[in-house]
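J.: Chain order of the listed sequences is A and B.
Per this note's numbering, the first sequence starts with residue 4, numbered consecutively.
Per this note's numbering, the second sequence starts with residue 20, numbered consecutively.
What the hints contain is simulated information worked out from the structure, not anything from laboratory work.
Possibly wrong hints are sitting among the right ones.
Stated by the list, open to error - Within a straight-line C-alpha distance of at most 16 Å, the following computed EDC-like cross-link-like pairs (lysine to aspartate or glutamate) qualify:
no.: 1; chain 1: A; residue 1: Lys76; chain 2: B; residue 2: Glu185
no.: 2; chain 1: A; residue 1: Lys106; chain 2: B; residue 2: Glu185
no.: 3; chain 1: A; residue 1: Lys106; chain 2: A; residue 2: Glu72
no.: 4; chain 1: A; residue 1: Lys106; chain 2: B; residue 2: Glu173
no.: 5; chain 1: B; residue 1: Lys172; chain 2: A; residue 2: Glu31
no.: 6; chain 1: A; residue 1: Lys69; chain 2: A; residue 2: Glu31
no.: 7; chain 1: A; residue 1: Lys55; chain 2: B; residue 2: Glu173
Here is how the chains run, residue by residue.
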Amino acid sequence: MVSALVLNDVHVSYHGKSAISGINLKVESGTVLGIIGPNGAGKSTLLKALLKLVSIDKGSIEIFGKTLEENRKRIAYVPQRSEFDWDFPIHVLDTVLMGTYPKIGIFKRPKKKERDLAYECLEKVGMEHFYNRQIGELSGGQQQRVFLARALAQNADLFFLDEPFVGIDIASEETIVDLLKDLRNLGKTVVVVHHDLSKATEYFDELLLLNKHVIHAGKPSEVMHPEIMLKAYERELSFLREAGVN
Amino acid sequence: MAFIEGLIQYDFLQKALLTSIIVGIVCGVIGCFIILRGMALMGDAISHAVLPGVAISYALGINFFFGAVFTGVVTAIGIGFVSHNSRIKQDTSIGIMFTAAFALGVILITVLESSTDLYHILFGNVLAVRPSDVWITLIIGLIVLISVYVFYKELLVTSFDPTMAEVYGLPVRLIHYFLMTLLTMVTVASLQTVGIVLVVAMLITPAATAYLLTDRLSVMIFLSAAIGASASVIGLYFSFTYNLASGATIVLAATALFFVAFLFSQKQGILWKKLNDKKNRHTLQKENI
Ligand SMILES: Nc1ncnc2c1ncn2[C@@H]1O[C@H](COP(=O)(O)OP(=O)(O)OP(=O)(O)O)[C@@H](O)[C@H]1O
Ligand SMILES: [Mg+2]
Numbered sequence: 004m005v006s007a008l009v010l011n012d013v014h015v016s017y018h019g020k021s022a023i024s025g026i027n028l029k030v031e032s033g034t035v036l037g038i039i040g041p042n043g044a045g046k047s048t049l050l051k052a053l054l055k056l057v058s059i060d061k062g063s064i065e066i067f068g069k070t071l072e073e074n075r076k077r078i079a080y081v082p083q084r085s086e087f088d089w090d091f092p093i094h095v096l097d098t099v100l101m102g103t104y105p106k107i108g109i110f111k112r113p114k115k116k117e118r119d120l121a122y123e124c125l126e127k128v129g130m131e132h133f134y135n136r137q138i139g140e141l142s143g144g145q146q147q148r149v150f151l152a153r154a155l156a157q158n159a160d161l162f163f164l165d166e167p168f169v170g171i172d173i174a175s176e177e178t179i180v181d182l183l184k185d186l187r188n189l190g191k192t193v194v195v196v197h198h199d200l201s202k203a204t205e206y207f208d209e210l211l212l213l214n215k216h217v218i219h220a221g222k223p224s225e226v227m228h229p230e231i232m233l234k235a236y237e238r239e240l241s242f243l244r245e246a247g248v249n
Numbered sequence: 020m021a022f023i024e025g026l027i028q029y030d031f032l033q034k035a036l037l038t039s040i041i042v043g044i045v046c047g048v049i050g051c052f053i054i055l056r057g058m059a060l061m062g063d064a065i066s067h068a069v070l071p072g073v074a075i076s077y078a079l080g081i082n083f084f085f086g087a088v089f090t091g092v093v094t095a096i097g098i099g100f101v102s103h104n105s106r107i108k109q110d111t112s113i114g115i116m117f118t119a120a121f122a123l124g125v126i127l128i129t130v131l132e133s134s135t136d137l138y139h140i141l142f143g144n145v146l147a148v149r150p151s152d153v154w155i156t157l158i159i160g161l162i163v164l165i166s167v168y169v170f171y172k173e174l175l176v177t178s179f180d181p182t183m184a185e186v187y188g189l190p191v192r193l194i195h196y197f198l199m200t201l202l203t204m205v206t207v208a209s210l211q212t213v214g215i216v217l218v219v220a221m222l223i224t225p226a227a228t229a230y231l232l233t234d235r236l237s238v239m240i241f242l243s244a245a246i247g248a249s250a251s252v253i254g255l256y257f258s259f260t261y262n263l264a265s266g267a268t269i270v271l272a273a274t275a276l277f278f279v280a281f282l283f284s285q286k287q288g289i290l291w292k293k294l295n296d297k298k299n300r301h302t303l304q305k306e307n308i
């Protein structure tokens with residue numbers, strides 16, 4: 004079977020300053036991949052490169068053996084929560100409904116079929132009772148669940164989530180992790196940028212430890228090895244040592 | 020009432036009323052997208068940027084619509100070009116480009132000694148609307164309303180989540196310039212009613228008022244259109260009755276409506292919140308007893 008993602012020697016820079024370089028990576032379909040690494044490691048940059056939101060200087064990216072353009076409708080992206088205007092006049096259900104737009108196409112409007120789908124997706128994340136709340140009137144975890152519902156409504160094969168667990172309650176986090184695993188069991192591929200190292204082993208099938216380069220990619224038990232982690236977090240650790248923490 | 024009698028009696032007043040109602044509606048509709056995308060300054064910029072186009076049109080003897088839309092769109096593209104291709108931020112780029120266009124317009128009007136009355140372009144003179152202007156306003160109104168109806172979904176998603184729109188393959192930049200073109204057309208349609216200087220108020224104030232009253236974009240658009248149209252009628256009434264500049268009276272009518280919503284709207288109104296706080300405190304106190 005063709006791999007979900009194949010990256011070959013990918014380089015990205017901002018204004019001539021390299022952000023990530025020499026990234027080689029292969030992700031099979033039906034995997035939940037976690038991308039971890041210290042601040043500024045280039046995790047978000049890697050996601051953006053995959054989605055061509057930033058251009059790559061060098062290298063190649065294949066998605067399901069093809070280009071991004073041929074796969075746009077098979078991809079759902081959940082940006083970081085900080086990227087939204089939470090005062091926007093939109094309700095929860097209408098937000099989820101947006102997930103159906105890519106497949107409806109231009110000139111047409113969502114009909115009952117799409118509304119039903121959006122409602123079902125809200126049920127999956129346990130947010131159906133909030134369907135007519137303005138999105139700013141939700142807690143962080145509820146907002147994240149709504150955006151996951153929107154991604155579900157896209158009926159995608161490949162999901163990208165940037166830091167979905169930041170600032171959310173534990174119940175929402177568990178709901179989301181369970182749903183991601185359900186997706187994986189359906190053969191979908193899920194890529195998650197993640198901050199909290201403690202849960203990484205439980206949540207992901209594969210881990211990519213990044214710090215400008217690929218430090219290590221593989222099974223969580225393998226990557227979460229102290230010696231390997233040290234390579235990525237060296238700077239953070241020396242900072243801690245200097246601060247007198249042991 | 021003299022205003023009603025005047026309406027029945029005078030053809031020019033009927034034309035004025037019709038144009039200003041259309042302008043109120045269309046500005047209200049486009050204004051919603053302008054404020055939600057944080058482009059209020061852009062609205063002001065485009066309205067000033069049409070001035071050189073108006074001057075050239077008069078010199079060439081063509082309807083001012085064509086020249087105005089041309090220089091408006093060119094300025095919008097210029098603003099985008101400068102901010103995308105340098106570290107200059109969008110609002111700075113807007114400041115550079117629109118003042119340049121406006122200055123050029125002032126010089127052109129002086130040099131070409133066009134019959135254009137600068138004062139009327141700047142502040143509007145709705146009572147001097149010609150039949151051809153009514154037609155242009157009507158056609159622009161239809162184009163704008165149909166476009167927003169047809170592309171509602173795309174305008175919504177690019178306003179709320181441009182990244183998602185880009186990821187699923189929408190031409191986000193093209194949609195931006197399309198909206199800029201609609202904005203320019205709306206501005207041109209508003210020239211005679213409220214004038215260049217005050218167009219931005221018609222774009223922003225009714226939309227902002229509607230924004231206070233609802234949290235659904237579709238409802239906001241209808242409310243904003245209704246508020247814009249009401250402001251036009253009220254403003255025109257005062258303009259006619261007290262012989263005041265129509266642009267100024269219409270804008271002040273819109274401002275008055277805004278403050279009513281600001282004070283009383285259930286969702287965000289200042290007074291309403293105060294009253295609610297009091298009520299809540301009362302119930303709390305009662306519960307404590
Ligand atoms: N738009 C940008 N312009 C210039 N430099 C950028 C831009 N975005 C990111 N960078 C730089 O690229 C590097 C990688 O940033 P990126 O946001 O990908 O890191 P990250 O791993 O997601 O970090 P975090 O954990 O803080 O989210 C950083 O050094 C950052 O300063
Ligand atoms: Mg990041």
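J.: A separate judgement is required for each hint: does it hold in the structure or not?
T.: Structure-based check of each hint:
no. : hint                   : in the structure
1   : Lys76(A) to Glu185(B)  : 11 Å, holds
2   : Lys106(A) to Glu185(B) : 14 Å, holds
3   : Lys106(A) to Glu72(A)  : 14 Å, holds
4   : Lys106(A) to Glu173(B) : 13 Å, holds
5   : Lys172(B) to Glu31(A)  : 34 Å, violated
6   : Lys69(A) to Glu31(A)   : 14 Å, holds
7   : Lys55(A) to Glu173(B)  : 20 Å, violated
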